[in-house]
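Asks: Model the placement of chains H and L with the ligands on the given structure of chain F, informed by the hints.
Residue numbers (the numbering used here), protein chains in the order written: chain F, 1 to 547; chain H, 1001 to 1082; chain L, 2001 to 2211.
The hints are simulated quantities; they were obtained by calculation from the structure and are not laboratory data.
A couple of the hints might just be wrong.
In silico SDA-like cross-links for lysine to any residue, where the CA-CA straight-line distance does not exceed 25 Å [unchecked claim]:
1) L:Lys2111 <-> F:Gly227
2) F:Lys281 <-> F:Gly340
3) L:Lys2111 <-> H:Lys1006
4) L:Lys2111 <-> H:Ala1016
5) L:Lys2057 <-> H:Phe1026
6) F:Lys281 <-> F:Val221
7) H:Lys1006 <-> L:Arg2088
8) L:Lys2117 <-> F:Val225
9) L:Lys2111 <-> H:Ala1042
10) H:Lys1006 <-> L:Ala2102
11) H:Lys1006 <-> L:Arg2181
12) L:Lys2057 <-> F:Gly236
13) L:Lys2111 <-> F:Val221
14) L:Lys2057 <-> H:Ala1042
15) H:Lys1006 <-> L:Thr2065
16) F:Lys339 <-> F:Gly356
17) F:Lys281 <-> H:Ala1016
This structure is a prediction, so every number in the text was calculated from the model and none was measured.
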Amino acid sequence: MTNAAMQGTYLGQGSGLRAWLLSTDHKRVAWLYLISLTAFFFLGGAMAVLMRIELATPAGDLVSDDVYNRLFSLHGIIMVWFFLVPSIPATMGNFLLPLMIGARDLAFPRLNLASWYVFIFGSLFALFAVVAGGVDTGWTFYTPLSTLYANGFVSTAAFGVFVVGFSTIMTGINFIVTVHTLRAPGLTWFRLPIFVWTLYATSLVMVLATPVLAASLILIVLERVFGIGIFNPDLGGDPLLFQHLFWFYSHPAVYIMILPGMGVVSEVLPCFSRRPLFGYKAVAMSSMAIAVFGFLVWGHHMFVSGQSAYAGVVFSFLSFCVAIPSAIKVFNWSLTLRKGEISFETPMLYALFFLGLFTFGGLAGLFLAALAVDVHVHDTYFVIAHFHYIMVGGMVTAYMAGLHFWWSKLTGRMYSETAGRIAATVTFVGFNLTFFPQYMLGFNGMPRRYHTYPPEFQFWNVLSSAGAVVLAIGYLMPLFYLGWSLFRGARAPDNPWNATGLEWQTSSPPPPHNFETMPVVTRPAYAYDMKGLEHERFSPHREEAAR
Amino acid sequence: MSELRKLTFGYLGLLALLALTVGSSFVALGGFNVALNLAIAAAKAILIAMLFMHLTGTLPRLAVAAAGLWLVILFGLTLIGR
Amino acid sequence: MSGTESVAFDTPQRERRADTFAMWVFIGSEAMLFGAIFLVFLVAHIDFGPAFAAASKRLSLPLGTLNTAVLITSSFTMALAHMLALHRRWRPTIWALVATAALGVCFLIVKGIEYGKEISEGLAPLLGLPFRYAGPDPVHAEFFFGLYFTMTSLHALHLIGGIVVIAGMIALWRPSGPANRLRRVVAVGLYWHFVDIIWVFMFPVLYLINR
Ligand code: HEM
Ligand SMILES: [Cu+2]
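If we strip away everything but chain F, and leave its shape as in the complex, we get:
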């Protein structure tokens, strides 16, 4: 990767292990995250493949029930906390936030590097739990199962998640302060790219929700290690209270796991339809609305677990309301495409797939938010399909869109466009083949978290397992062609997509402190309709500063 051309860019600043592991440059920290998250993604993915193979037949022939419980628990823990929560923020967010707002780095570069070490430290605990014998509580750690009955390494895993939570909070604080204090001259709030808005909203959720997860996990560890029975019903403890604390975090956390994806798509769609984002302010504000109102609905995970009927009605109503800002975004994205000069490069393909899959998963959320329907489909594959459509079909697809969109900026190289399009399409087909059948299964009553099932469910299960293989191929392909492009890819121009946004105004890859001359902003974001875009946009002339 290091050759003469990289001199003077952040990649040319030393290539030894030390230069990477100790650099506080946000662009290098982003790479540390990218590499570790990729490892976790494929580890969690391997567990999913094992589960799908087991479920190809009704009998439990590949793994025992006990092993199966451990597989889905670790799959969930790894995918949620070690991949999806940090996914876009810690990689592309880390890399792009300073670039997009015209800053030299994040506000606290050392905190940023520290957050990665904390992340690794915490995730090692979880990996230890995997090797030592696993966890069988599911990713939700429900009490009293996790405190009184589970025999796995619950404390180790919970402690690992707890520690990783700190790294999330560190990232959140860093992003919030950066957006508030380091915007370039002229870059007002309503000129910020939507990606920055969504990162800001995400950080808000990270900072305010994660500590509550931390509290609930501490209490579990105290109960298991020190014998302090906070959630123990024998002592008068309230196991349901754990669910309240857990979902106070985890419902907002699902928005941690989608908002950044919405941000990526808001960058990609205007660029490849050559149109300004439709309804910019509505999209920006709905991101904030999601962050706030996402905190009001957690009880929809507890409809059948014994909370009061009154609470059920309130939470059901609020859950319907929280879909409104998401719907606003979907409409605005769709209207952005209208009359656009659409072209179907790889990032755009992924972004369009996001649009469809997210909508499909979100609509299923509305079914689930209806009390009467939820009694029927709670804890079935319908719920699994719902959240995989959003988290995998939505967030992971957006992650891929962003990775391809900004790959040239990260590396200075272009990947093979043909390979990219093929992989995107394979992913889309494989995804639907895997998860659409799960809607059918759930609606017909197949419960989640079992390794055997009655034979009448086999048809849809076989389809789903076959889809998982296709999906795995779709996710493995980029590993190869992106990896190949690192060494052999064509040199990338500074702005291959002809996009607006400050990150495209600096070289690919950027210099160590991002900009040769610090930029001044005079235009709104997404000025794709302005004439002569290529020549005069955002010219970085500090002197003519807008003041």
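Replies: Quick look at chains H and L with the ligands alone, frame taken from chain F:
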């Protein structure tokens, strides 16, 4: 140094509030004991925040307001769930 | 860069503003952590008020009051450190910091004495220690003491963290320039006061409210 005077008064005020809250717990006021104790704790917190922590400026206040609002959500919606 | 620690800032003033804001965001986050724990206590208190009232009488009110006074005093000395640092009077600043940390240690010692007393009276339901309690409703009294140990030890851990950071700051005092000294005093100060505020709520909740 009027700054020093301010801090000292704050400190004495905090000690006085401490005496008040401990004292009040020996007087039976029914349900009002709880309210009084919490009100005094809140007064102490405000004193510390304003005098010792210099809670000024928009951004720090924004952070405090956000945490306050979110605590209300946490407590409120959990308690209606019971 | 001109006296800033992060390359992102061009002046120490802007950096200090960002620092202060970051500390407040962090405090907001910590408030949610303690808020969740207080919520657990509140719910239990709603369910088992009388049992909790009886159990809370077994805590030592004199020691608890003493500790509150100690912590308030430490906050005062910390505020002094901040004021002195603003005036760049570094030597007294150090002394104020030392006093703060020492008062923190005092608090921990008193807390340790309390813990010792409770353990020897059989009021500590941890690590399988025997729980001996003669009052009414011993089951829920045990719950109270479980919460008491959880809450106070979480608070104590935060205090220990603060003491360690102050110690580290003093150890690194010489090599750091004036701008960095001031920034650190301000940041640690905010944290310290916050930990004090938590105690200000914990004290009546655990020791007084149930009387
Ligand atoms: C349109 C707004 C949404 C609504 C109304 C909604 C509604 C629901 C409801 C009612 C449930 C509980 C179903 C049950 O357990 O019976 C649920 C589960 C779930 N949702 Fe959503 N949802 C929405 C958006 C999202 C988003 C954006 C994500 C992720 C990025 C997500 C992820 C999840 C997850 C992970 C679960 C299952 C958790 C578990 O039990 O393991 N949801 N959703
Ligand atoms: Cu939810």
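Asks: Please name the hints from earlier in the document that this structure breaks, with their numbers sorted from lowest to highest.
Replies: Violated: hints 3, 6, 17.
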